[in-house]
Every structure is written in C-alpha cells, then in structure tokens.
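Which chain is which? The protein sequence lines are U and P, in order. Mind the numbering: the first sequence is residues 19 to 512 in my numbering, read in order. Mind the numbering: the second sequence is residues 19 to 512 in my numbering, read in order.
Just so you know, the hints here were simulated from the structure itself, not pulled from any lab data. Do not take every clue at face value.
No distinction is drawn between identical chains; accordingly, a pair holds when it is met within one copy or between any pair of copies.
The list that follows gives simulated cross-link-like pairs (lysine-lysine, BS3-like), each with its CA atoms no further than 25 angstroms apart [stated by the list, open to error]:
id, residue 1, residue 2
1, Lys-425, Lys-111
2, Lys-35, Lys-161
3, Lys-84, Lys-110
4, Lys-111, Lys-79
5, Lys-79, Lys-35
6, Lys-438, Lys-111
7, Lys-286, Lys-478
8, Lys-307, Lys-161
9, Lys-481, Lys-161
10, Lys-290, Lys-481
11, Lys-110, Lys-481
12, Lys-492, Lys-472
13, Lys-452, Lys-465
14, Lys-359, Lys-181
15, Lys-492, Lys-160
16, Lys-184, Lys-161
17, Lys-111, Lys-253
18, Lys-359, Lys-416
Values in this document were obtained by computation on a predicted structure and should not be read as measured data.
Chain residues, written in single-letter form:
Protein chains: 2
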Amino acid sequence: MAIKENQLKLYNSLTRKKESFEPINSPHVGMYVCGPTVYGDAHLGHARPAVAFDLVFRYLKHLGYKVRYVRNITDVGHLENDADSGEDKIAKKARLEELEPMEIAQYYSDRYMDNMDALNVLRPSIQPRASGHIIEQMEMVKKILDNGFAYKSNGSVYFDVVKYNKEHHYGKLSGRNIEDTLENTRELDGQSEKHDNVDFAIWKNASPEHIMRWNSPWGSGFPGWHMECSAMSSKYLGETFDIHGGGMDLRFPHHESEIAQSVAANGKEPVKYWMHNNMVTINGQKMGKSLGNFIILDDFFSGNHELLQQAFEPMTIRFFMLQAHYRSNVDFSNDALIAAKKGFDKLMKAEETLDKLNPQDVTESAFDVNEWINNCYSALDDDFNSPVLISYLFDAVKFINSVNDAKVAINIESLDLLKKYFRTFVFDILGLRKDEAVSGDSELSAKLLGLMLKIRHEAKLNKDWATADNIRNKLTEMGIIIKDTKDGAVWEIV
Amino acid sequence: MAIKENQLKLYNSLTRKKESFEPINSPHVGMYVCGPTVYGDAHLGHARPAVAFDLVFRYLKHLGYKVRYVRNITDVGHLENDADSGEDKIAKKARLEELEPMEIAQYYSDRYMDNMDALNVLRPSIQPRASGHIIEQMEMVKKILDNGFAYKSNGSVYFDVVKYNKEHHYGKLSGRNIEDTLENTRELDGQSEKHDNVDFAIWKNASPEHIMRWNSPWGSGFPGWHMECSAMSSKYLGETFDIHGGGMDLRFPHHESEIAQSVAANGKEPVKYWMHNNMVTINGQKMGKSLGNFIILDDFFSGNHELLQQAFEPMTIRFFMLQAHYRSNVDFSNDALIAAKKGFDKLMKAEETLDKLNPQDVTESAFDVNEWINNCYSALDDDFNSPVLISYLFDAVKFINSVNDAKVAINIESLDLLKKYFRTFVFDILGLRKDEAVSGDSELSAKLLGLMLKIRHEAKLNKDWATADNIRNKLTEMGIIIKDTKDGAVWEIV
Numbered sequence: 019m020a021i022k023e024n025q026l027k028l029y030n031s032l033t034r035k036k037e038s039f040e041p042i043n044s045p046h047v048g049m050y051v052c053g054p055t056v057y058g059d060a061h062l063g064h065a066r067p068a069v070a071f072d073l074v075f076r077y078l079k080h081l082g083y084k085v086r087y088v089r090n091i092t093d094v095g096h097l098e099n100d101a102d103s104g105e106d107k108i109a110k111k112a113r114l115e116e117l118e119p120m121e122i123a124q125y126y127s128d129r130y131m132d133n134m135d136a137l138n139v140l141r142p143s144i145q146p147r148a149s150g151h152i153i154e155q156m157e158m159v160k161k162i163l164d165n166g167f168a169y170k171s172n173g174s175v176y177f178d179v180v181k182y183n184k185e186h187h188y189g190k191l192s193g194r195n196i197e198d199t200l201e202n203t204r205e206l207d208g209q210s211e212k213h214d215n216v217d218f219a220i221w222k223n224a225s226p227e228h229i230m231r232w233n234s235p236w237g238s239g240f241p242g243w244h245m246e247c248s249a250m251s252s253k254y255l256g257e258t259f260d261i262h263g264g265g266m267d268l269r270f271p272h273h274e275s276e277i278a279q280s281v282a283a284n285g286k287e288p289v290k291y292w293m294h295n296n297m298v299t300i301n302g303q304k305m306g307k308s309l310g311n312f313i314i315l316d317d318f319f320s321g322n323h324e325l326l327q328q329a330f331e332p333m334t335i336r337f338f339m340l341q342a343h344y345r346s347n348v349d350f351s352n353d354a355l356i357a358a359k360k361g362f363d364k365l366m367k368a369e370e371t372l373d374k375l376n377p378q379d380v381t382e383s384a385f386d387v388n389e390w391i392n393n394c395y396s397a398l399d400d401d402f403n404s405p406v407l408i409s410y411l412f413d414a415v416k417f418i419n420s421v422n423d424a425k426v427a428i429n430i431e432s433l434d435l436l437k438k439y440f441r442t443f444v445f446d447i448l449g450l451r452k453d454e455a456v457s458g459d460s461e462l463s464a465k466l467l468g469l470m471l472k473i474r475h476e477a478k479l480n481k482d483w484a485t486a487d488n489i490r491n492k493l494t495e496m497g498i499i500i501k502d503t504k505d506g507a508v509w510e511i512v
Numbered sequence: 019m020a021i022k023e024n025q026l027k028l029y030n031s032l033t034r035k036k037e038s039f040e041p042i043n044s045p046h047v048g049m050y051v052c053g054p055t056v057y058g059d060a061h062l063g064h065a066r067p068a069v070a071f072d073l074v075f076r077y078l079k080h081l082g083y084k085v086r087y088v089r090n091i092t093d094v095g096h097l098e099n100d101a102d103s104g105e106d107k108i109a110k111k112a113r114l115e116e117l118e119p120m121e122i123a124q125y126y127s128d129r130y131m132d133n134m135d136a137l138n139v140l141r142p143s144i145q146p147r148a149s150g151h152i153i154e155q156m157e158m159v160k161k162i163l164d165n166g167f168a169y170k171s172n173g174s175v176y177f178d179v180v181k182y183n184k185e186h187h188y189g190k191l192s193g194r195n196i197e198d199t200l201e202n203t204r205e206l207d208g209q210s211e212k213h214d215n216v217d218f219a220i221w222k223n224a225s226p227e228h229i230m231r232w233n234s235p236w237g238s239g240f241p242g243w244h245m246e247c248s249a250m251s252s253k254y255l256g257e258t259f260d261i262h263g264g265g266m267d268l269r270f271p272h273h274e275s276e277i278a279q280s281v282a283a284n285g286k287e288p289v290k291y292w293m294h295n296n297m298v299t300i301n302g303q304k305m306g307k308s309l310g311n312f313i314i315l316d317d318f319f320s321g322n323h324e325l326l327q328q329a330f331e332p333m334t335i336r337f338f339m340l341q342a343h344y345r346s347n348v349d350f351s352n353d354a355l356i357a358a359k360k361g362f363d364k365l366m367k368a369e370e371t372l373d374k375l376n377p378q379d380v381t382e383s384a385f386d387v388n389e390w391i392n393n394c395y396s397a398l399d400d401d402f403n404s405p406v407l408i409s410y411l412f413d414a415v416k417f418i419n420s421v422n423d424a425k426v427a428i429n430i431e432s433l434d435l436l437k438k439y440f441r442t443f444v445f446d447i448l449g450l451r452k453d454e455a456v457s458g459d460s461e462l463s464a465k466l467l468g469l470m471l472k473i474r475h476e477a478k479l480n481k482d483w484a485t486a487d488n489i490r491n492k493l494t495e496m497g498i499i500i501k502d503t504k505d506g507a508v509w510e511i512v
C-alpha cells in the first residue's frame with residue numbers, strides 16, 4: 019500500500035499534543051521501544067507495551083513504511099532501586115538461584131519471546147542485549163565526560179544533572195523541574211558519591227561480589243541503566259530517530275535521562291516522537307513485579323492463579339488490551355476478560371460467516387463499505403485508536419450477521435471489499451488470529467464432522483429418522499449445533 | 019536419578035579413544051558447542067550437531083549432572099574464507115539486502131531457534147552472541163600479545179603459530195603438523211600482513227566500508243572468528259571445562275586454534291573432552307551452505323524442494339539423525355527419510371499400545387525388562403550410541419505388539435517398568451515427541467471418533483447393519499480403521 023502522507027497523527031508525549039507523523043527519512047522509520055528486564059516471567063503489565071507498539075509497528079508497515087523496530091533486552095545494569103542503588107536485579111536473582119547471571123537472562127528472555135509469540139506480537143527487527151553493547155555504552159560515557167556533563171567519583175561516573183539543566187531543560191518530557199525532584203528524592207546508600215541527589219550513574223563501580231563487570235577507563239564496573247537505551251538506539255537507528263516508545267512509568271527518570279545523555283553526548287535531541295502507553299492496573303494499582311501484585315501471562319493461559327476464575331487464551335488477552343486506547347488505563351478483572359473473550363469470539367465467528375454469504379444482485383448495499391473502510395482508517399490515523407476501530411468492526415459484524423440471516427442484501431463488489439478489509443483490519447493490523455482449539459477447525463475434525471453430516475443425510479434419505487436424530491442430539495451434547503439450511507446441513511461449534 | 023559414576027564412556031577426539039567421563043567438578047558439567055553463523059536458514063547439516071549434542075545434554079541431565087550448556091551465535095567475524103580473508107559473511111548478506119547487519123543476524127537467529135524448537139532440541143543454558151562479547155575477546159587478544167604469542171600488523175593482530183608450535187603442538191587435535199598445513203594453504207589476499215601463512219587473525223583491522231567494527235587498542239576492527247569461542251567459553255564455563263562439541267569439519271582450523279589461543283592466553287588446556295559429530299552428506303559430499311548443495315529444514319517440513327519427494331515432519335528428521343551414531347556419516351536420501359518415518363511411527367504406535375495392554379497374572383515375563391533396561395543404558399553409556407539404543411527399543415516394540423496380540427503375557431510389575439523406561443528413553447533421552455497432526459489424537463477428533471463408534475454400536479444393537487457398515491466404510495476411506503475387539507470397537511489411523 020502506498021503511504022498516505024500526513025494522514026496519521028500521533029500523540030507526542032514531549033509536546034503533549036497530537037502531531038502529523040512525518041518521518042525524518044521517509045519511507046524509512048526508526049522505532050525504539052523499551053523491552054523487559056529479564057529476571058522473571060512476563061506478566062500482564064509486560065503485554066501492554068508489547069501489544070501497543072506491535073499495533074504501531076503493524077500499522078506503519080501496512081501504510082508502506084520500512085520500519086526498523088528495535089526492542090532491547092535489559093540483562094545488566096537495572097538496579098533494584100531505579101535511583102542507582104541496590105543490587106543488580108538479574109545478579110540478585112542469579113545469586114538466589116546459584117546460577118550464572120547470563121543463565122537467568124537467557125532463560126527469561128526465551129520465556130518472554132515465547133509469550134510474545136503466543137500473543138502474536140511480531141518480532142522486532144533487532145533485539146539487542148545491554149550486556150552485548152558495553153563498548154558502545156562506554157564510548158557514550160566518554161563523550162559525555164569529554165563534553166563536561168559528567169564527573170568521575172570513586173570509580174563511578176555520574177551525569178551532572180544540575181550543570182546540564184543550566185543549558186537544557188532536564189524534565190521537559192516528564193514535566194518535572196529539578197527542584198521538585200530534589201525534594202522527592204530519598205536519601206540513599208552511596209549517594210555521597212554524587213555531587214547532587216538528582217545526578218544519576220552512567221557507569222557504576224562494581225562492588226567486589228558483583229559478577230557482571232567489565233574493565234573500563236574508570237575501573238571495573240557496569241553501565242548505568244539509562245545508558246543502554248541511548249547507546250543502542252543511536253547505534254541501530256542513528257543519533258536522531260523517529261519514534262521512542264515505552265510505558266509511561268518510564269518517562270521519569272529513564273526516558274528523561276535518555277534525552278539528557280543524548281543531548282550531552284551528541285548535542286542532538288534523540289527522538290522526534292515520544293510515545294507512552296498507559297498502565298495495567300489491578301484494584302486501581304499499577305501491576306508490577308516490584309509491587310508483587312502481578313499475574314504472569316502463563317498463568318492467564320493456564321488459568322492457574324487464585325485471582326483467575328478460568329484460563330484465558332492469548333488472543334483474549336490481546337483483544338482485551340486492544341479494546342482500550344493505548345494511552346488509557348486498563349484495569350484487570352475476570353469479568354472484563356470474559357467480556358473480551360465474548361467479543362473476540364463474535365468477531366471471529368463473523369469472519370467465518372463472511373465466506374458463507376451469498377451476494378445478491380442489488381445496486382446498493384444497506385451498508386456503505388467504502389465509508390466504513392474510511393472510518394476504520396480514520397480511527398487508526400487518530401493516534402492508533404484501536405477501541406474506535408473495534409467499534410467499527412462490530413458495526414460490520416452486525417451487518418454480516420444480518421446478511422447471513424437474509425434480512426439485508428449485499429452485492430458482490432461490496433462483499434469482496436468487505437471481506438478484504440475486514441480481514442486486513444482484524445488479522446494484519448490488530449494482529450488477532452484464530453485459535454485452532456477455539457474454532458475447532460482442525461483438518462481431521464472438519465473431515466469427521468463432514469462425514470457425520472453425510473451419514474445423517476443418508477439416514478434421512480432412507481427415512482431412518484432415529485439415526486439422524488441420534489447424530490444431531492449427540493453432537494449437540496458435545497456443543498456442536500447442526501443447522502439444516504436450504505443448501506444442506508452445516509455445523510457450528512458453540 | 020543419582021549419578022552412576024564412571025559408567026559413561028565417551029570418545030575424546032583429542033586422545034582418539036573412548037574415556038570414562040569424569041567431570042572436573044561433578045555434579046557440575048560445563049559443555050560448549052559451536053552454534054550457527056546466522057546469515058542464512060538452517061539446513062539439514064545444522065540439525066546434526068544440534069540433535070547430537072541435545073542427546074548428550076539430555077542424557078547427562080538424566081544421569082543427574084547439573085549441566086551448563088553454552089551454544090554460541092556467530093554474528094560477526096566469520097569471513098567467507100575460513101582462512102581470514104574475504105568479506106564478513108553477515109555483513110555481505112546485509113549489504114546485498116540493504117539491511118543493518120544486526121537485522122540479518124536477528125532474523126536468522128530467530129529462524130534458527132524456531133527450527134530447533136521444531137526439532138525438540140532443548141534450549142541451551144546460555145546462547146551468547148559474538149558481537150556481545152567484544153571486550154572479552156579484546157582482553158584475550160591482549161593476554162596473547164602480552165604472552166608473546168601474537169604480533170600486530172597493519173592494525174590487525176595475528177596469532178604466531180610458528181612460535182607457538184615450538185613450545186606446544188599446534189595440530190594435536192586435528193592430527194596435522196605445520197609443514198603439511200603450509201603446503202596446503204593457498205595464497206590469499208592480504209596475507210602479506212602475516213609473518214607466515216599458518217598464522218591466523220585474532221583481531222582484524224576493518225576496511226573503510228566494513229560496518230561492524232569496534233575501537234580497540236589496535237585500531238577500529240573486529241575479532242577473528244576463532245576468538246569468540248575461546249572468550250565466551252572461558253567466560254561462562256571457566257578456563258578449563260568438561261566438553262567442547264561441534265562438527266568434525268571444525269576441528270581444523272577452528273578448534274585447533276581455540277586450543278592454541280587458550281593455551282597462549284591462560285597457559286591451560288581449555289577442554290577435557292573434545293567431541294565431534296560427523297557430517298550429513300548428499301551424493302557423498304558434505305552438505306554445506308558454502309557448497310550450495312544444502313536443503314533447508316523448512317523445505318523438509320513443507321516438502322517444497324525439487325530433491326524432496328514429500329514433506330518430512332521434524333520428528334522424522336530427528337529420528338533419521340538418531341538412527342546413526344553421531345560419529346558416523348549420515349547420507350541424505352528420500353528413501354532413507356521415508357524409512358525413518360516408518361520406524362518413528364512404529365515406535366509411537368507401540369508407545370500408544372502400551373496403555374492398552376492388559377497385564378496377566380504370570381510369574382515370569384517372556385521379555386526380561388530389567389535386562390532390557392540395562393542394555394539400553396549400556397548403549398547410551400557407550401559414547402551415546404543411539405542406533406544401538408533404538409535397536410533395543412524395537413525389541414521392546416516387537417514384544418509390546420506380541421502382548422497386544424495376546425501371543426505372550428506380561429505381569430503388572432514388568433509392564434509398569436516397561437512403560438516407565440520405554441517412555442524415558444524415547445521421550446526424555448532421545449527427545450522424540452508425538453506429532454499431533456500425525457497421530458490425529460487432538461481432543462475434538464478423538465471425541466468425534468468416539469461418538470462415531472457409539473452411533474455405529476447403537477446401529478448394530480438395532481440390527482441396522484446398513485448404517486454400521488456405512489460408518490465403517492466411510493472411515494476406512496479416510497484412512498481410519500475400525501477394529502472390533504471383545505472390549506468393543508477401537509479405531510486406528512493408518
């Protein structure tokens with residue numbers, strides 16, 4: 019599809035308004051999204067940014083852009099306390115389980131990929147690991163030091179926020195100012211190394227028991243957490259690129275510090291459009307590993323968790339996420355997921371019904387398919403508004419079912435358009451897919467059901483009503499409904 | 019299971035004999051296996067070491083060892099010509115496809131993992147990437163330089179093989195001596211940088227157009243291909259570890275050079291047991307990407323290749339590999355794969371039959387299950403002899419089928435043992451698994467078939483022979499055989 023220039027608008031967290039999307043070097047688009055810190059299983063909160071930016075990735079590609087999508091894996095440097103103190107999250111997990119930290123990182127990044135595959139999240143173009151880009155991070159630290167925006171202290175290097183803020187605005191993304199931040203920062207161990215509480219580590223001296231460490235010009239240590247995203251995004255996407263995404267909880271200090279690091283190192287704003295997804299909440303509180311109120315994705319898929327009334331398939335989770343706009347909050351509840359499942363099943367059933375519709379020789383359809391297509395695109399062009407798109411899809415579902423019930427008619431041209439775009443929006447752009455187990459249309463099962471109907475049909479021809487009824491009743495008990503139509507019997511799994 | 023010390027013998031390529039396996043720090047075992055260079059799809063040749071060392075990994079774990087299994091991903095430094103010349107394989111592919119090299123590496127490593135999952139190859143504990151360990155490689159280069167076994171030349175660093183060979187034997191693994199090697203080395207571009215033709219690069223100066231490069235004390239460049247395995251194995255497994263595996267084509271120059279690098283840097287032999295799998299051949303020639311005679315795994319799974327008569331499921335490929343000892347050659351042919359499929363299906367059918375067997379009150383079984391278990395373990399203990407193990411499994415298959423045909427009897431204790439160990443050897447150790455599509459035992463299909471038999475049973479009770487025969491005949495057409503037994507009818511997919 020050719021790119022419809024200037025149609026797409028997206029909300030830029032930096033300017034706090036919707037802007038027309040104009041890539042720096044169209045048709046190329048560079049997109050970086052903060053990925054997981056791999057020290058535990060992915061939970062519902064992790065599915066949110068993955069699905070949100072998968073929609074962005076899919077829609078941009080659909081529009082014809084050539085997207086290089088980079089999503090990192092944090093396998094070193096993310097300390098327990100985001101403000102530079104405490105143990106490295108992965109090293110701590112490794113110590114507790116007596117494993118090499120990289121075994122932990124490998125295990126949980128494999129599991130994360132499996133979960134993403136289950137959610138039908140497309141794989142990013144590059145998934146760089148923080149531990150694999152130590153040189154790039156050291157070189158950026160060096161540049162920041164050379165430019166005078168950092169200082170060495172006890173084998174660590176700290177970003178000089180106070181000095182930076184004199185020339186630039188540290189806080190422009192999150193809307194904070196240093197004075198507020200100063201007041202809100204708690205006293206922390208080892209902070210005496212810093213000139214000021216707001217300063218943050220860009221290189222950390224490793225304590226003797228720290229396993230993950232590399233030699234650097236400043237001693238043996240490891241990069242500060244914010245450093246990896248600055249170094250890896252500029253390596254793979256350039257010093258200024260189009261889109262940087264992540265959860266809104268990362269705006270401060272993580273993304274704010276990324277901006278400061280890039281400006282201090284390269285003298286350039288790193289990102290044209292900042293995009294932030296809202297949170298998944300549970301009982302009104304953000305779901306997070308550090309908060310201990312999370313439910314992992316595998317538990318949703320198995321139903322094996324005390325807060326879950328049943329198992330929920332990956333596509334139910336995906337649809338649940340997409341029913342909310344990415345900048346809105348999503349509150350977890352069993353009822354909301356059960357409702358999402360019903361909606362998803364309705365959508366899938368309508369998609370199957372599409373192939374059963376018989377077009378009529380009518381000049382005008384009761385449903386203006388072209389207008390409907392435009393409406394769907396408008397929803398996506400309005401900052402990827404998936405809930406509005408879904409509401410249009412349900413308008414189409416209603417119409418499809420009416421045609422199926424012979425209440426209204428559609429002509430062949432409109433039906434072909436409707437089939438094409440309904441599937442484009444549902445499968446290609448929203449990234450939903452049929453679950454084999456749900457629709458039960460495995461090849462063998464379909465053959466067996468076809469055979470069953472044939473035997474029943476022959477029984478009826480032989481006036482053997484007992485056998486015919488017996489087959490129908492037994493299938494009904496299994497949840498398979500036989501409908502006799504003028505074109506013969508059809509089956510449906512309810 | 020507790021470790022049966024000193025039972026397992028394995029063939030050590032270094033000593034050229036079978037040795038008792040005695041880990042350096044039992045029950046811990048460190049194992050390193052050379053993984054793929056990710057610039058193309060995995061072909062049948064790649065499946066060989068993956069399956070061979072998966073058997074080793076599975077059996078060692080079964081014996082109770084705690085195995086840390088490291089398999090690397092080569093995403094930089096592997097030049098077209100193994101002797102240090104030509105373009106970087108991944109950079110060349112990237113240039114041809116106008117992509118960032120890391121996009122190529124990510125794409126093909128994701129595809130490799132998918133293929134390995136399909137083959138039921140367990141995931142290694144750590145899958146380190148060469149590009150993610152540049153510092154570790156530079157530090158090892160520095161050590162080798164410091165110890166006088168390397169020299170700088172035009173921004174590159176070369177390993178001084180001639181000097182090394184005066185104190186140590188370069189060629190002990192491959193059985194070569196330097197003089198032979200000298201005679202067999204062709205004249206290559208840029209070799210004038212070397213003091214001697216047998217020297218190899220441990221750090222390569224990057225030409226101006228080379229994208230993948232890092233700053234080093236010797237200039238901007240990238241590590242030599244052999245360096246990554248030495249640096250990453252010692253980082254994750256220590257300077258001396260238990261098992262190093264790979265294809266026998268890697269013995270020279272790759273593994274030979276790994277030994278030299280480690281001895282030169284650390285003064286220690288890096289590996290206690292070297293293990294090498296033999297090749298997959300096609301028309302008697304090694305199947306390889308560089309030879310252009312390969313068939314990729316996805317083509318086997320789809321059957322979409324002019325040399326393939328049909329599609330072959332991943333388990334057929336796995337079983338085909340395991341039918342040969344890992345140190346024997348495997349020659350590809352359609353007939354051999356078709357035979358492997360038959361054998362695999364027979365094995366799976368016997369496994370299903372196990373649950374249908376009725377134990378009898380006999381004191382002695384016609385088949386000594388304990389002896390059989392010991393024989394199976396002996397095969398594995400004899401250098402992982404999978405074809406011998408498989409022949410014992412077919413002895414069991416024959417016995418299982420005889421019990422099923424009521425020709426011989428088994429008592430409950432023997433049956434329980436047989437069930438347990440048959441499944442342990444087939445599923446846990448050989449790593450085979452049932453293919454849902456093959457056995458057709460998806461839940462819905464099984465229910466539908468059950469229902470079909472019920473309707474037929476009722477028809478027979480009503481003396482409605484026409485319906486009963488109709489059901490049987492229609493199922494037969496679909497390849498499903500109904501057998502009437504004294505306990506009722508059963509079905510079987512042929």
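*At most 25 angstroms between C-alpha atoms: does Lys-111 with Lys-253 qualify within a copy, between copies, both, or neither?*
between (29 angstroms within a copy, 19 angstroms between copies)
*Given identical chains, is Lys-290 near Lys-481, meaning Cα to Cα at most 25 angstroms, within a copy, between copies, both, or neither?*
neither (74 angstroms within a copy, 79 angstroms between copies)
_Intra- versus inter-subunit Cα pairing at 25 angstroms for Lys-425 with Lys-111_ = Neither way: Lys-425 and Lys-111 sit 61 angstroms apart in one copy and 57 angstroms across, limit 25 angstroms.
_Homomeric proximity label, Lys-184 with Lys-161: Cα distance no greater than 25 angstroms_ = Answer is within; shortest intra-copy Cα gap is 19 angstroms, inter-copy 45 angstroms.
*Could you place Lys-492 and Lys-472 in one of the four classes (within, between, both, neither) given a Cα distance threshold of 25 angstroms?*
Both: 15 angstroms inside a chain and 10 angstroms across chains, each within 25 angstroms.
*Using 25 angstroms as the alpha-carbon threshold, which applies to Lys-438 and Lys-111: within, between, both, or neither?*
neither (49 angstroms within a copy, 35 angstroms between copies)
*Measure nothing new, just compare the shortest in-copy and cross-copy C-alpha distances for Lys-481 and Lys-161 to 25 angstroms and report within, between, both or neither.*
Answer is neither: 89 angstroms inside a copy and 91 angstroms across each miss the 25 angstroms cutoff.
*When no copy is specified for Lys-492 and Lys-160, does a C-alpha distance of 25 angstroms or less occur within a copy, between copies, both, or neither?*
This pair counts as neither: shortest intra-copy Cα distance 74 angstroms, inter-copy 76 angstroms.
*Intra- versus inter-copy proximity for Lys-416 and Lys-359 (alpha-carbon distance at most 25 angstroms)*: within (17 angstroms within a copy, 48 angstroms between copies)
*When no copy is named, should Lys-452 and Lys-465 be tagged within, between, both, or neither for a Cα gap of at most 25 angstroms?*
Both. Shortest intra-copy (19 angstroms) and inter-copy (21 angstroms) distances satisfy the 25 angstroms Cα cut-off.
*Is it within, between, both or neither when you check Lys-35 against Lys-161 at 25 angstroms Cα-Cα?*
neither (33 angstroms within a copy, 55 angstroms between copies)
*Go through the copies and call it for Lys-307 and Lys-161: within, between, both or neither, with a Cα cutoff of 25 angstroms.*
neither (34 angstroms within a copy, 42 angstroms between copies)
In summary, the numbered hints that this structure violates are 1, 2, 6, 7, 8, 9, 10, 11, 14 and 15.
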